[in-house]
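Construct the entire structure; sequences and hints are all you get.
Protein chains in written order, with our numbering: chain A, 1 to 114; chain B, 1 to 114.
Worth double-checking, as some hints may not be accurate.
Unchecked claim - What the simulated footprint calls covered on chain A by chain B, stretch by stretch (three residues with Cβ under 8 Å from a Cβ of chain B suffice, anywhere in the stretch; the number is not a length):
1) 14 to 20
2) 42 to 50
3) 80 to 93
To be verified - Label-pair restraints from in silico Cβ distances:
4) T5/A <-> K109/B: 34 to 44 Å
5) T60/B <-> T20/A: 24 to 34 Å
6) P61/A <-> E15/B: 18 to 28 Å
7) Q57/B <-> H10/A: 41 to 51 Å
8) F64/B <-> E18/A: 19 to 29 Å
9) G16/A <-> S74/B: 44 to 54 Å
10) S58/A <-> E17/B: 34 to 44 Å
11) S30/B <-> G16/A: 44 to 54 Å
12) Y54/B <-> P61/A: 30 to 40 Å
13) N67/B <-> Q17/A: 42 to 52 Å
Stated by the list, open to error - Calculated pairs, BS3-like style, for lysine-lysine (alpha carbon to alpha carbon, straight line, at most 27 Å):
14) K73/B <-> K109/B
15) K73/B <-> K55/B
16) K78/B <-> K113/B
17) K70/B <-> K55/B
18) K101/B <-> K78/B
19) K62/A <-> K55/B
20) K109/B <-> K11/A
21) K11/A <-> K62/A
22) K78/A <-> K78/B
None of these hints come from the bench; they were simulated from the model.
Heads up, the beta-carbon is just placed ideally off N, CA and C, and yes, glycines get one too.
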Amino acid sequence: DARVTQTPRHKVTEMGQEVTMRCQPILGHNTVFWYRQTMMQGLELLAYFRNRAPLDDSGMPKDRFSAEMPDATLATLKIQPSEPRDSAVYFCASAQGTWSYEQYFGPGTRLTVT
Amino acid sequence: AQTVTQSQPEMSVQEAETVTLSCTYDTSESDYYLFWYKQPPSRQMILVIRQEAYKQQNATENRFSVNFQKAAKSFSLKISDSQLGDAAMYFCAYRRYNFNKFYFGSGTKLNVKP
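So, in structure tokens, the structure goes:
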């Protein structure tokens, strides 16, 4: 049963600390998305990659957020330094190619910054 | 720019009855896809149904069906014979035909009363 995995599922950290969230896309999927979900803003696209190259990161605060794909099986989202307003659920999703109908979502990482 | 609007933040339905969730979108494209995703309390995003804009026939998946009105840019979800397990947040989403960047609405919380 192929699925997107995300670690950690929950993270509590203090303001100013670095946070790294990891995502393993479904094997064979070459497009990876990072979303942030909050009550106020809903589901926002932060960045996405195709074939490990960033295609669009316009939704991501550049000064503190960074997203990478070190290899085809791992995507990372880093926040440094973290702030309380970063508290949210962060989802990773993967898709197979440009023409793929749908995205498959991971279970999300709930981040709390105190 | 593409936008997706869900004007009903919350709705309730009696078990076994039918409920319709509304979604409108704005686009200048003629070819695109529309989706409904379900997010239960577990936070997992689950694809419920999708519609290709070039198809006139409304999509159906068991108890779930859509009313796609292309000219009106409307895409509502009908859930028949509602079950307790249908209680969740429902998100409407749009993507262009040849570009798999998704745009999500703000969501509708569906409560199912026993």
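We went through each hint and held it up to the structure:
1. 14 to 20: violated (count 0)
2. 42 to 50: Answer holds; 4 residues pass the 8 Å Cβ test.
3. 80 to 93: Satisfied; 3 residues make the cut.
4. T5/A <-> K109/B: 34 to 44 Å: 27 Å, violated
5. T60/B <-> T20/A: 24 to 34 Å: Between T60/B and T20/A, where Cβ atoms are some 42 Å apart, the hint is violated.
6. P61/A <-> E15/B: 18 to 28 Å: At 43 Å between Cβs, range violated.
7. Q57/B <-> H10/A: 41 to 51 Å: 43 Å, holds
8. F64/B <-> E18/A: 19 to 29 Å: 42 Å, violated
9. G16/A <-> S74/B: 44 to 54 Å: Given a distance of about 46 Å, which is inside 44 to 54 Å, the answer is holds.
10. S58/A <-> E17/B: 34 to 44 Å: About 42 Å separates the Cβ atoms of S58/A and E17/B, which means 34 to 44 Å holds.
11. S30/B <-> G16/A: 44 to 54 Å: 49 Å Cβ-Cβ, so the 44 to 54 Å window holds.
12. Y54/B <-> P61/A: 30 to 40 Å: Since Y54/B and P61/A have Cβ atoms about 37 Å apart, the given range 30 to 40 Å holds.
13. N67/B <-> Q17/A: 42 to 52 Å: Holds, at about 48 Å.
14. K73/B <-> K109/B: Judged against 27 Å, a Cα distance of about 22 Å means the pair holds.
15. K73/B <-> K55/B: Measuring from Cα to Cα gives roughly 14 Å; hence the hint holds.
16. K78/B <-> K113/B: 17 Å, holds
17. K70/B <-> K55/B: Distance ~10 Å between K70/B and K55/B Cα, so the pair holds.
18. K101/B <-> K78/B: Satisfied, since the Cα-Cα distance of roughly 25 Å is no more than 27 Å.
19. K62/A <-> K55/B: Violated, at about 40 Å.
20. K109/B <-> K11/A: 26 Å, holds
21. K11/A <-> K62/A: Holds: K11/A and K62/A sit about 21 Å apart, inside 27 Å.
22. K78/A <-> K78/B: Outside the cut-off at roughly 39 Å; violated.
Hints 1, 4, 5, 6, 8, 19 and 22 from the list above are not met by this structure, while the remaining hints are.
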